[in-house]
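A.B. asks: Given the coordinates of chain A, work out where chain B should sit on it, guided by the hints.
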Amino acid sequence: DAGVTQSPTHLIKTRGQQVTLRCSPKSGHDTVSWYQQALGQGPQFIFQYYEEEERQRGNFPDRFSGHQFPNYSSELNVNALLLGDSALYLCASSSRTALSYEQYFGPGTRLTVT
Amino acid sequence: EDQVTQSPEALRLQEGESSSLNCSYTVSGLRGLFWYRQDPGKGPEFLFTLYSAGEEKEKERLKATLTKKESFLHITAPKPEDSATYLCAVLAGGYNKLIFGAGTRLAVHP
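Protein chains in written order, with our numbering: chain A, -19 to 94; chain B, 5 to 114.
Just chain B, with the same shape it has in the complex:
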């Protein structure tokens, strides 16, 4: 069964303290891995799509990487406005449904 696991569940950082979020997946025929940011009570905001192992994408303080078994979201010198839940999702097989992990709740304190 296709599965996505994110760790840690919650992460508290000081402003400027870099760290990484992990997304491990077990799927048949990965067609894409997606990272979203979600603020409380809002819909997920699209960040990145990764399609193949070795691929990397960057946006401001965020960098996403992909291997054959997991993806990392690296946050460099985070600011309080980066506080949110970060969701990882995969598209696999012949289906067009996204399979999500439970998310990592990130809190960045000044």
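Chain A on its own, in the form it takes in the complex:
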């Protein structure tokens, strides 16, 4: 059973550019959440998608946007990159119909903005 997968593993971008990160959820899961983790800190919630719509959003600017596809996979887009966007971006998947609320994380994408 494949777990949560993310691509790419690492990415280096220049300030002002745009980036797209990808996530495939664990088999049987229909909900994808994105988190940003700065060095030495806990993950911060960006937003959550299910039924192909953004359902909840954390305190992140509109430069952060996303999409969910019919197969439940998801993309995170960040426009006009800033140096402060450098972080580990984590995708977590879960099931809305499960009795538990557990979220399972992928390996992350390390984004470096120079």
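Please keep in mind that the hints were generated in silico from the structure rather than gathered at the bench.
These stretches of chain B come out as covered by chain A in the derived footprint (C-beta under 8 Å, 3 or more residues):
1) 88 to 96
2) 101 to 111
Below 27 Å or equal to it, Euclidean Cα-Cα: the simulated DSS-like pairs (lysine-lysine) are:
3) LYS6(A) - LYS63(B)
4) LYS46(B) - LYS63(B)
5) LYS6(A) - LYS46(B)
Glycine residues also receive a C-beta, built at the ideal position from the N, C-alpha and C atoms.
C.D. replies: What follows is chain B alone, placed relative to chain A:
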């Protein structure tokens, strides 16, 4: 505002030296408390979910407990391979977002 605080920030143990990590929380309507293990540069690995005060869960050398204000992760006779950052997170209110603490960095030396 919902908040999660973990202590200590870092902990150094000798192999076999048992200890506990603390996670205190202030939330409205706790729906679950989660413990994750994170190795450097990797995604968090799910360990436990606790739902109500008094609940306990165990896995190998780890045992998680929950009260109305805090959770403890007890590590019994740790080994060097237990070295990692341990993250605590809560799910609260009507939201499905996890609110994380900053983590405890554990180093176990032989």
